[in-house]
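Undergrad: Given chain A's structure and the hints, the job is docking chain B onto it.
Line order of the protein sequences matches chains A and B. According to my numbering, the first sequence is numbered sequentially starting from 1. According to my numbering, the second sequence is numbered sequentially starting from 1.
By construction, these hints were calculated from the structure, which means they are not laboratory data. Think of the CB as a built atom: it goes at the ideal place given N, C-alpha and C, for glycine as much as any other residue. Each hint should be verified, as a subset may be incorrect.
Ranges between beta-carbon positions, derived for each pair [what the hints assert, rightly or not]: (1) I123(A) to D147(B): 44 to 50 Å; (2) T185(B) to E19(A): 33 to 39 Å; (3) N42(B) to K6(A): 21 to 27 Å; (4) Q127(B) to L50(A): 56 to 62 Å; (5) K6(A) to K184(B): 22 to 28 Å.
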Amino acid sequence: MEKDFKILFEKIGTEKPPEDFTAVVMRKIEAKNHFSLSHSLPKNSYWFLLPYLIALLMVVPFIVPTINWIINIDWSFISFDISFIPEWIERFKDSFTGITFSTQTIIISLASTVLLIISIIEIFAQSRRRVLD
Amino acid sequence: MYLKKDSYYITRVLEGKTSDYAFLIDKYKDMIFTLAFRITGNREDAEEVSQDVFLKAYNGLAAFRGTSKFSTWLYKIAYNQSISRIRKKLPDIESYDSMEIGIDEWHGEMDMSHEQLHNIPAVYIRQSFERLEETERAVLNMFYQDDLNVREIASVTGLSVSNVKVKLFRGRKKLIDILEKTLKTELIDLIS
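For reference, chain A alone in the conformation it holds in the complex (with noise of 0.2 Å):
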């Protein structure tokens, strides 16, 4: 009977996909490790980290030349009364004292602010792709 079965299955034979569905499928592959930097990494390591991590010293240098603009800034140009900011602020003006910056590490301290917070969307994603996988 077994014989018999495989006559029929024989017959109907395999059934084959399209010619470039590998192509197709390993372009999905690519394309998920072109938008992503993990993915392009081998996987079970924890080098992907490496940039951020890189990033995150990057920034923090500039952290606090960073509160040290926002200390010295005029509010006076903001038309309705904040003034309880820069005396909130004020209290912690003595502690930054003699530190001094140029517009360059505003500029860079702001860049490398927004690659972290690009690098923290990028590990969020990350994590929420994984779990969807």
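TA: Chain B alone, transformed into the frame defined by chain A:
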């Protein structure tokens, strides 16, 4: 064409050589596509399911422990994907389950000879096969098309070994039953 073992390509992919995954796709695409097609019953769904299977397998490759064969692991993903796809469409499906079958009376014998079987057009076999329940289609396909044993089928489907045997028995009985009825109808139509 595939000179190396699956584990070689898997290791290479895990090391970051993504392009080597194409060897594994090439090797198993027909097998996965056939199973998906047998369960879903149409090429579009089978193609989508097969693509999802390979993408899922790629994403979960690091989790593949190697305790079972890579093909069995792929099969498991394909089976689950196909079943969940077909279950979404269940209200539209009319399986042969609703028809009365005297399984207890059947002893696994066919009324047809080898010659008669050889002469049945493939289209009737396909049509009859499509009328089986989806798990029966999957089990029969794995057993007769891909030569998986009952234990391997149980591991893929999550059914017990005895349950797989029952599904095989029922599937065979139903397939022959439908096939005989279809052929009789065709013969009557031809004569009248």
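Undergrad: Against this structure, judge whether each hint is valid.
TA: Status of the hints after comparison with the structure:
1. I123(A) to D147(B): 44 to 50 Å: Since the Cβ atoms of I123(A) and D147(B) sit about 45 Å apart, the hinted range of 44 to 50 Å holds.
2. T185(B) to E19(A): 33 to 39 Å: Holds, since T185(B) and E19(A) (Cβ atoms, about 37 Å apart) stay within the stated range.
3. N42(B) to K6(A): 21 to 27 Å: holds (25 Å)
4. Q127(B) to L50(A): 56 to 62 Å: holds (58 Å)
5. K6(A) to K184(B): 22 to 28 Å: holds (24 Å)
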